[in-house]
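Residues per chain are reported as follows:
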Amino acid sequence: LAKTTQPISMDSYEGQEVNITCSHNNIATNDYITWYQQFPSQGPRFIIQGYKTKVTNEVASLFIPADRKSSTLSLPRVSLSDTAVYYCLVGSSLWGTDKLIFGTGTRLQVFP
Amino acid sequence: NAGVTQTPKFQVLKTGQSMTLQCAQDMNHEYMSWYRQDPGMGLRLIHYSVGAGITDQGEVPNGYNVSRSTTEDFPLRLLSAAPSQTSVYFCASSSTSGGADTGELFFGEGSRLTVL
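Each protein sequence line maps, in turn, to chains A and B.
Just so it is clear: in the first sequence, position 22 is 22 by the numbering used here, and no numbers are missing.
Just so it is clear: in the second sequence, position 12 is 12 by the numbering used here, and no numbers are missing.
Bear in mind the hints are in silico, worked out from the structure with no lab data behind them.
One or more of the hints may lead you astray.
[What the hints assert, rightly or not] Pair by pair, the computed Cβ-Cβ distance ranges are:
| # | chain 1 | residue 1 | chain 2 | residue 2 | range |
| --- | --- | --- | --- | --- | --- |
| 1 | A | E17 | B | K14 | 48 to 58 Å |
| 2 | B | T15 | A | T29 | 42 to 52 Å |
| 3 | A | D67 | B | A82 | 35 to 45 Å |
| 4 | B | G51 | A | Q16 | 39 to 49 Å |
| 5 | A | K99 | B | R77 | 16 to 26 Å |
Using N, Cα and C, we set each Cβ at its ideal position, and we do this for glycine too.
Take these sequences, add in the hints, and give me the full structure.
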């Protein structure tokens with residue numbers, strides 16, 4: 001099982017770019033990296049997923065170096081509504097990873 | 001499209017009582033799982049299932065039972081509730097079929113359980 005390590009918390013201001021890094025040193029060959037966002041009193045929701053290099057969608061970018069032992073979620077120009085907890089998850093039910101274990105997550109606080 | 005539906009949303013139990021948290025999904029997902037989340041903490045995996053008739057333990061299975069008789073439903077049973085089981089419980093499902101699917105987890109809205 002690939003264990004993940006993230007910073008416990010981060011602060012930012014509106015309009016800034018935020019980068020949250022996740023370490024996953026024992027990631028397996030078939031493992032995908034997925035990031036989730038969770039607001040209070042809600043279940044986590046999918047943000048972005050990648051396997052290697054860079055992936056971008058309408059809300060975030062995901063950077064994965066060649067060794068895949070870490071990944072960085074980049075949120076461009078954050079707003080107050082981006083205040084949430086962000087989790088990286090390594091593994092996927094698609095490829096036989098059945099124990100999908102979350103780390104402690106990163107609590108992002110965005111200030112005006 | 002309902003996604004993942006959990007019932008009840010709120011429940012108060014006394015120590016020693018039993019109850020079942022219901023989870024149903026309408027996406028034909030083979031994979032389903034239960035997590036608990038304590039205040040200010042992350043998600044911890046209780047049990048999971050990769051298909052009907054197949055279940056296995058997660059990180060914190062003690063005090064909980066599950067079964068998977070259909071693809072759609074994955075109930076979580078507390079046989080004798082304890083105050084330590086006060087938590088918010090999330091059910092999640094995902095595809096195992098590949099293709100265009102990412103295998104992302106779809107979560108329910110959560111069930112808040114208080115054990116007195």
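For each hint, the structure was consulted:
no.: 1; hint: A:E17 x B:K14: 48 to 58 Å; in the structure: 50 Å, holds
no.: 2; hint: B:T15 x A:T29: 42 to 52 Å; in the structure: 47 Å, holds
no.: 3; hint: A:D67 x B:A82: 35 to 45 Å; in the structure: 44 Å, holds
no.: 4; hint: B:G51 x A:Q16: 39 to 49 Å; in the structure: 45 Å, holds
no.: 5; hint: A:K99 x B:R77: 16 to 26 Å; in the structure: 20 Å, holds
Comparing the model with each numbered hint stated earlier shows that all of them hold.
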